[in-house]
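Top to bottom, those sequences are chains H and L.
Sequential numbering of the first sequence, starting at 467, is according to this note's numbering.
Sequential numbering of the second sequence, starting at 467, is according to this note's numbering.
Among the hints, a few may not be true.
Because identical chains cannot be distinguished in the list, a pair is counted as satisfied if it fits within a single copy or across any two copies.
[To be verified] EDC-like, lysine to aspartate or glutamate: derived pairs with alpha carbons at most 20 Å apart: (1) K690 with D788; (2) K711 with E770; (3) K616 with E606; (4) K711 with D766; (5) K690 with E783; (6) K711 with D771; (7) K690 with E476.
These are calculated hints, taken from the structure and not from any lab test.
Note that the structure is predicted; figures quoted are calculated from it, not measured.
Protein chains: 2
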Amino acid sequence: MQPADFTVPEPPVSPLRWSGSWRDGHLRLLDQTRLPRHETWLEHRTAAGVIDDIQRLAVRGAPAIGIAGAYALVLAARAVLEAFPAMSRPEFLEQLAEVAQPIADARPTAVNLPAAVARHLELANASPDAPEQIVAGLLEAAQALDAYEKDACEAMGRHGAAWLFGRTRFLTHCNAGSLVTSGIGTALAPFYVLHASGQAIHVTADESRPLLQGLRLTAYELAKAGVPYAVQADSAAAGLLRSGKIDAVVTGADRICANGDVVNKVGTYGVALAARSNGVPYVVAAPLSTLDANTATGDDVAIEDRPADARAYLAPETAPADLVAHAPAFDVTPAALVSAFVSEAGVIEQPDRRLLAPWLARAEALQTRTDPGR
Amino acid sequence: MQPADFTVPEPPVSPLRWSGSWRDGHLRLLDQTRLPRHETWLEHRTAAGVIDDIQRLAVRGAPAIGIAGAYALVLAARAVLEAFPAMSRPEFLEQLAEVAQPIADARPTAVNLPAAVARHLELANASPDAPEQIVAGLLEAAQALDAYEKDACEAMGRHGAAWLFGRTRFLTHCNAGSLVTSGIGTALAPFYVLHASGQAIHVTADESRPLLQGLRLTAYELAKAGVPYAVQADSAAAGLLRSGKIDAVVTGADRICANGDVVNKVGTYGVALAARSNGVPYVVAAPLSTLDANTATGDDVAIEDRPADARAYLAPETAPADLVAHAPAFDVTPAALVSAFVSEAGVIEQPDRRLLAPWLARAEALQTRTDPGR
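Produce the entire structure from the sequences given, and follow the hints as far as they go.
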């Protein structure tokens with residue numbers, strides 16, 4: 467089957483949505499920390515609230531925090547304008563750069579967030595317009611990014627489904643579904659497309675401690691989409707792969723480095739090792755916006771350490787009162803363990819630096835051009 | 467340093483203890499499901515209570531459930547005697563075999579439990595004594611097993627410490643400490659011995675979902691013993707091994723098969739793979755009583771599936787209401803991934819069937835001889 471032959475469903479859930487004009491609008495975020503039992507929406511009219519929600523992981527996933535950051539920049543720019551309506555264009559741009567910084571710095575791992583903020587700032591600087599028009603332009607840029615990522619999901623779904631076609635039993639780690647972007651997801655996109663196209667598939671989701679994104683989020687959206695699934699402890703992944711009951715592993719990526727190393731949710735590396743040891747292909751599905759030409763290898767990426775997460779989602783009294791935790795949020799999977807990369811640009815098998823080069827060039831153009839439109 | 471050069475400390479905790487004579491005595495078990503915050507002791511005067519506690523993991527670990535099973539057999543034999551005081555010796559032995567079966571079957575994975583029950587039944591059958599003396603003999607046999615396992619821990623601690631000497635940063639999975647046996651543990655024994663001998667060591671414990679034995683139990687007993695430690699999500703193990711910050715991985719074993727395959731807590735296989743991929747030695751410390759000459763390979767062992775465990779120790783409302791879980795309690799690590807086995811008989815490096823043969827013969831003798839004494 468070719469990518470075009472597949473059916474693409476609507477996303478089972480859309481985690482962020484802008485409503486209204488740049489002047490009176492707001493950003494709505496689904497509070498992912500309260501899923502699956504509580505579907506609570508957060509309405510933001512200030513950038514500070516969005517930054518806080520990015521940091522506490524109410525909104526998460528590389529593409530989604532890029533989009534959320536772009537909308538936060540609109541809210542920040544509007545606040546500057548409201549505070550100082552008589553500001554000159556240079557004064558406004560200076561203030562804008564200042565309020566943009568904490569948005570770009572809200573989380574360190576995904577390149578999407580600082581790249582989106584830098585690109586949209588560049589757009590503002592390049593514009594000859596008055597401040598009001600600049601803010602309007604920032605909203606247009608954010609909406610274009612939002613739409614771009616939605617289309618990228620559809621393309622990843624089609625390309626991934628074509629590559630995976632004929633395989634039926636999948637394993638995924640963490641959550642890289644419709645909750646991490648504006649479309650049908652990255653790693654989960656091929657599953658949604660295969661399912662919508664009438665293929666009988668089954669997805670096993672690692673629960674993904676410490677924050678249980680697999681148990682809380684992947685299970686939630688697979689259930690909404692009607693895809694048969696099971697959840698397991700992360701520790702069960704290697705044994706399941708050894709059992710011969712998995713046909714392919716698919717994950718997303720928080721960042722893909724210039725050499726193809728994958729920075730993703732902690733645990734991905736172990737799953738990739740077990741897949742390789744047992745002859746199961748490991749596929750990384752991520753939009754070009756997560757490729758980072760400026761980071762040579764995975765070892766150059768700052769890995770967040772989040773000790774407080776070790777207690778998260780556990781019953782009270784489970785952990786020792788004076789628990790000392792080692793809690794990296796991500797790990798690095800060497801490029802050599804990746805069987806194929808899937809992006810909106812297609813599929814690259816046995817990826818190496820040479821094969822990745824054209825994607826990296828496209829990603830860089832995407833991240834630095836002043837018009838991120840569709 | 468030689469094994470004899472090291473200092474052996476007292477166990478930080480002793481999870482099971484028999485008090486009194488066979489006629490009025492009872493078995494006390496530390497309820498490990500309530501650790502670390504609650505130290506609750508359970509007092510058993512019937513075998514049914516012990517069986518229940520073995521099944522709900524209040525007492526756990528291959529050596530400990532063997533010992534608990536041996537004491538449960540005393541309680542069961544006493545109950546038979548009390549119910550039918552005028553029974554003949556053959557009638558008594560027939561009844562004894564019947565009440566022994568549910569004890570032997572309480573859990574399927576560790577060979578220690580059925581082996582201890584079968585051996586002690588054999589002892590009873592071989593005895594020419596009257597029923598009262600047979601029950602007294604069963605208590606002596608249970609106490610001898612208890613003492614044997616305590617000594618085995620000390621020996622494993624010494625042999626393991628000698629092999630690991632010079633290494634300081636260790637990783638362990640699940641809990642194979644003083645809580646799983648009657649001494650200073652199996653995998654943790656070398657750490658306790660190194661620490662007591664003045665070596666500066668640090669132990670990272672995988673939290674070991676789903677039942678969090680690393681977070682709840684290993685952290686608890688390492689803290690009691692004053693050994694510096696940290697806990698991490700299981701998913702962090704592979705990345706930590708890749709970082710070069712671990713000098714050796716040490717785990718216990720629920721069963722070691724005739725070919726050297728290791729059946730242990732789910733997740734062990736993934737850790738062993740990551741250790742091998744990153745040049746870190748993987749050591750299995752287990753008493754001879756966990757070797758099973760009658761099981762050819764790990765794939766011949768029944769792996770318990772415990773779906774209810776997936777929700778255990780999580781905060782309410784964390785999991786979807788209709789969660790479907792894949793929850794194997796164990797996995798199989800191929801012998802080829804083991805750098806060294808440590809038992810009370812010493813150390814075997816790069817174990818294969820030929821090197822293991824003498825240990826298997828000793829284990830079989832241990833499990834079938836009618837006098838398990840010291």
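Hint check results:
In this assembly of identical chains, the alpha carbons of K690 and D788 lie at most 20 Å apart only when taken from different copies (12 Å versus 39 Å within one copy). For the identical chains of this complex, K711 and E770 are inter-copy neighbours only, at 17 Å across copies versus 33 Å inside a copy, given an alpha-carbon limit of 20 Å. Only within a single protomer do K616 and E606 lie at most 20 Å apart by alpha-carbon distance; the minimum there is 15 Å, versus 72 Å between protomers. Taking the shortest Cα distances, K711 and D766 sit within 20 Å of each other only across copies (17 Å), while inside one copy they are farther apart (35 Å).
In this homomeric assembly, K690 and E783 come within 20 Å of each other (Cα to Cα) only across copies, at 17 Å, whereas the closest approach inside a single copy is 33 Å. Within a single copy, K711 and D771 get their C-alpha atoms only as close as 33 Å, which misses the 20 Å cut-off; across copies the closest is 15 Å, which meets it. For the identical chains of this complex, K690 and E476 are intra-copy neighbours only, at 11 Å inside a copy versus 54 Å across copies, given an alpha-carbon limit of 20 Å.
When the structure is compared with the earlier hints, no violation turns up for any of them.
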